[in-house]
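Letter by letter, the chains look like this.
Protein chains: 4
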Amino acid sequence: MSLRAGIVGAAGYAGGELLRLLLAHPEVREVVAASSSLAGKPVTTAHPNLRKRTDLAFVPYEDVRGCDVLFLALPNGSQRYEEFRDRAPLVIDLSSDHRLRDPKAYEVWYGAPHPHPERLAEAVYGIPELHRERIAGARLVTGAGCNATAAILALLPLARASLIDRERPVVIECKVGSSEGGREASEDSHHPERSGVVRSFRPVGHRHTAEIEQELGCRVQLSVTSVELVRGVLATAHVPVRSVADEKVLWRAYREAYAKEPFVRIVKERTGIYRYPEPKLLAGTNFADVGFALDARGDRVVALCAIDNLVKGAAGNGVQAMNVALGLPEDAGLGFVGLHP
Amino acid sequence: MSLRAGIVGAAGYAGGELLRLLLAHPEVREVVAASSSLAGKPVTTAHPNLRKRTDLAFVPYEDVRGCDVLFLALPNGSQRYEEFRDRAPLVIDLSSDHRLRDPKAYEVWYGAPHPHPERLAEAVYGIPELHRERIAGARLVTGAGCNATAAILALLPLARASLIDRERPVVIECKVGSSEGGREASEDSHHPERSGVVRSFRPVGHRHTAEIEQELGCRVQLSVTSVELVRGVLATAHVPVRSVADEKVLWRAYREAYAKEPFVRIVKERTGIYRYPEPKLLAGTNFADVGFALDARGDRVVALCAIDNLVKGAAGNGVQAMNVALGLPEDAGLGFVGLHP
Amino acid sequence: MSLRAGIVGAAGYAGGELLRLLLAHPEVREVVAASSSLAGKPVTTAHPNLRKRTDLAFVPYEDVRGCDVLFLALPNGSQRYEEFRDRAPLVIDLSSDHRLRDPKAYEVWYGAPHPHPERLAEAVYGIPELHRERIAGARLVTGAGCNATAAILALLPLARASLIDRERPVVIECKVGSSEGGREASEDSHHPERSGVVRSFRPVGHRHTAEIEQELGCRVQLSVTSVELVRGVLATAHVPVRSVADEKVLWRAYREAYAKEPFVRIVKERTGIYRYPEPKLLAGTNFADVGFALDARGDRVVALCAIDNLVKGAAGNGVQAMNVALGLPEDAGLGFVGLHP
Amino acid sequence: MSLRAGIVGAAGYAGGELLRLLLAHPEVREVVAASSSLAGKPVTTAHPNLRKRTDLAFVPYEDVRGCDVLFLALPNGSQRYEEFRDRAPLVIDLSSDHRLRDPKAYEVWYGAPHPHPERLAEAVYGIPELHRERIAGARLVTGAGCNATAAILALLPLARASLIDRERPVVIECKVGSSEGGREASEDSHHPERSGVVRSFRPVGHRHTAEIEQELGCRVQLSVTSVELVRGVLATAHVPVRSVADEKVLWRAYREAYAKEPFVRIVKERTGIYRYPEPKLLAGTNFADVGFALDARGDRVVALCAIDNLVKGAAGNGVQAMNVALGLPEDAGLGFVGLHP
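One line per chain: the protein sequences are A, B, C and D, in this order. Just so we're aligned: 218 in the working numbering is position 218 of the first sequence, and the numbers increase by one with no gaps anywhere. Just so we're aligned: 257 in the working numbering is position 257 of the second sequence, and the numbers increase by one with no gaps anywhere. Just so we're aligned: 175 in the working numbering is position 175 of the third sequence, and the numbers increase by one with no gaps anywhere. Just so we're aligned: 84 in the working numbering is position 84 of the fourth sequence, and the numbers increase by one with no gaps anywhere.
Derived by calculation from the structure, the hints in this document are not laboratory data. Some hints could be false.
Because identical chains share one entry, a pair is satisfied inside a single copy or across any pair of copies.
Said to hold, decoys possible - The list that follows gives simulated cross-link-like pairs (lysine-lysine, BS3-like), each with its CA atoms no further than 30 Å apart:
(1) K260 - K104
(2) K260 - K248
(3) K52 - K41
(4) K41 - K268
(5) K248 - K41
(6) K260 - K41
Just chain A, with the same shape it has in the complex:
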């Protein structure tokens, strides 16, 4: 294939990662990068890592036309899909505007009725590990929340194997980096105030709760804590279980769910330093590392998932979904393996 790919909101962090991935994608011929604030400027103004790799300049939104695929990397709540839907046969919307299927849930979590509730049923929740078949050929694919992605991938095998005791909620703690907050500087993100803190960012009421509950059908209690980190999420899910005699049952569930997944690695070692999923290893990669531990008392499984919030939690997952939607090799353009140390 020889695609023309558009990015609306290309100056943000997710936009920058889309650029990095699409510029090196073997099936992408041309990238159109649109920014309302930086139109006319080289993309390296916003993304200095791309120096010497591209001469591309940002264009205004109206110049994004004739694309085969269009990525919307706009702020949550922009609700600008109408404006862009006819610019490409496939739209991948990374915002939270189309993640929830139930308009009532949207209203509860986003504080206002959805302006186009009819669209919610159209969109496919774009985690390929969940909805690969529906993504193939879809017209509107929605990105997933980064915390939701990590939580869902941690829990999916247990949900599929019916190991979760649904009488009790699953408690999920996400530890997250500062790039989750996006590109805009704020008092919160001022380095002296953010460096080295362990900040209870959203102990209750985080919106990704709704996505997790929608996709897994279990009750969720989510907290999000900011730690010293730029990229990365570690979701630690405390899962109430019954009747889990030993870890073999869990190994089976995880292997069944993920043995064939190109981007999911089961990480669980008896020795060494990296015995469980760890996000630093994943910076820049599209991997989701998952792992688990059984509480000796038998009534809790701790399920873990680490991702890079900007890649598997945003841009990389979007490119993976594009690959699936267009029938390309699923890992095309996503080969970076990550760094150690």
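Following the hints, put chains B, C and D in place on chain A, whose structure we already have.
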């Protein structure tokens, strides 16, 4: 008063903090610092922050005699109390050797029977906020685990006010710094491997579980995650509750428990950056900052506590307990207020 | 004594450190904290570390009256001394407005003529290690730049001992933390952009050059590099020398300069980890740690000095200067010894 | 081509980067990874980032045979080239054993005579930007020190354009990350002792001095300071110059030297955050970003270069040299562009 205070294991991190605090304590006349490995060397060899403030040298263990109070800052499981009990009328043992009252619990969590089970009943679990009256005049006071201290202080008001639904476990996630692992270098603590990681250090089976359950009488599921931080713990406890209509109930419980506590601060703000307890602010201080949030669904309270693991989680709490045990002003020598930013 | 101390600009980082130090100062009875933007709010709004230690609220600038000493912690270039000079018999101006004695130098480095050149001669450059006698009894004491303080204290012994080869410039590289930039958030200080960088902040043309040259009389080439750190400066000065046969000469020079200084420590060890001055150890303290190394080729001495930019580089040095000016014990209120690790 | 590449010392950090790069290299068919300590174990034991990308196991050194190219990633001073020279027609030795051409210089800087001084003349100092033509077809190529690489690439344009005043030494300060120290844990690298420090690691006497002087022919005064960073070097060189009227002269020199270099980028912007070379942007890439600034006084140029010490400072440069030596496209296998933020 004019005390002579001894420290056994004074070259470790907790030992260093004891030195820092006791050398500036208004009621301490003399400090004896014992180290088996560094006897004869200046204490500044191990604790370079004390340069120009003391000429003290480490002495061998056998030279610790004639003290009014003796701090044992030895590794967990050393079980050397017999050797030192007669060296001072008050012994404060920071190790985990005497924290559990029930010998069976000790065996379960420490993997071997306690060598002196009869002693367990003698020791007072040394968190003054819990056992101030029993500490006064005690002969053997035991330090508390740093994660246990944070978890207990987060939960205590809810336990006292009978707000915890005891049918379900309390899930506690502690985010911790690298100094929890002590002074010895290891492959895990090698900077390139530890810097910037979010490492699921002990997802299940952490020994501090036993202390928390003992002191609060509720069932606990604890996980400990290492984050980029040297000093500090943030305990995030997900507490199952019934019948909590609004946060006023919680305010009342926290105020009742802590209004008169010199080292506990209730941190809960509507605006600003530091709306919840945050450990970076507490480095070097003996404060425990506690806070809470009520899940809008009404069935969960998130209770939070931040401490410096080496101070309120070890040395500072030990000095506070000494002050209480000897009838000194409880905050003597513990006046450092912490830094921002 | 029983002083009333005022702080103008008390909501900034240096203001916060002044508050922390003055509230615990044994000779200070009352602190007046003025902020134009936060007047009426508790000081803990800006300085959460002071929670439970003070109920003080910010007042407007006009309410700062009747003080025995007044600290101006205003931005460089505010030039508001006239407004405040009569509010107290001693003014300590932490800004750069009165650091240079030569109006021409001011114009060169600050890009505009000084509005009150006559005042420049009045002010005493307030590093007690340089001008202790002139500070005693002064009416206007000026703070010093944090990088200048570190550089000057590194070099002073060599300058006094006439060991610097004045034919060649001294090259000074300062590695600095993010709090040097002050409280205001900016694109530069946004955590994802600032965390983990090694940023050539000011490779040439840093204004502190002028202060160093003024005080030491040698030619200086200064560069400032921002590193991952909140508080701290390490100045590494590469000093051209002649005729330095061995390090004994240097030891003598440093001891002569600093043996009696309460806040300067000579740090130079053959073994161990902290063999040279290191700023992390100094967070919150008023120490300046200095050290040196002789290049085996004999033509260069590397002179080092580490400080906390907000303490010895700003507020702490200001309090030390106040103590000297008012005849108090020089170390009053400055006893915090620093943390390790 | 279809190469068989061997790595001796494949369990270390440079070895891990060689593995990462060679496993994805389009002209490499097979990689043999030898480790004395981990023979028989999967390479992912040491390099967890490679999980799911390779099933390779380490082999003992004696099994490295029949290679087209052999990388020696052994500790400096191992001097084991004799043992391996016949195992492949091209050997790339990343250690410092063959970097200096002059046996006397080797003895001065390494403290002992070189065991095979005759070999020193055979080896080509393997920075392609310096010796591209001699590397093509060479049999023994030596890696360069990471600090030396950064310093040399910063200075090369000025040296070639004869802009350096050779009467005075060039002062170079390298700020470096912890991975420079290699994989072995030590007291120095223990996270609580290394995190957040600014440590004067080698203020004088760093061995890379000799390489820089050899390659550039100017006198060098080098200092190396460890900062909070895992990967990366920023070299800041203070270059004495005469007669540099303005920056145009410098632009010309840098453009002449580097316009055609695939891995060198000139970074010098008037606005924005990343105005000068910055190593965080380069993690995992083979780029060397260079920049400069002219002191307004006209007698100093600050020349800057940032690299990833494990890539352009070790493994990546080695692969680039292999590409040159074997006539492959110089950038083959080195396409990763780096991450932001």
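Status of K41 relative to K248 across identical chains (alpha carbons, at most 30 Å):
Answer is between; shortest inter-copy Cα gap is 24 Å, intra-copy 56 Å.
When no copy is named, should K52 and K41 be tagged within, between, both, or neither for a Cα gap of at most 30 Å?
Close inside one copy (15 Å), not across copies (39 Å); limit 30 Å.
Under a CA distance limit of 30 Å, which applies to K260 and K41: within one copy, between copies, both, or neither?
Close across copies (24 Å), not inside one copy (42 Å); limit 30 Å.
Between copies, within a copy, both or neither: which fits K260 and K104 at Cα up to 30 Å?
For K260 and K104, the Cα distance exceeds 30 Å both inside one copy (36 Å) and across copies (46 Å).
Quick one: K260 to K248, C-alpha cut-off 30 Å, is that within a copy, between copies, both, or neither?
within (19 Å within a copy, 51 Å between copies)
Using 30 Å as the alpha carbon limit, work out where K41 and K268 are close: within a copy, between copies, both or neither.
Between copies only: 16 Å across chains, 46 Å inside a chain, cut-off 30 Å.
Of the numbered hints stated above, the single one contradicted by the structure is hint 1.
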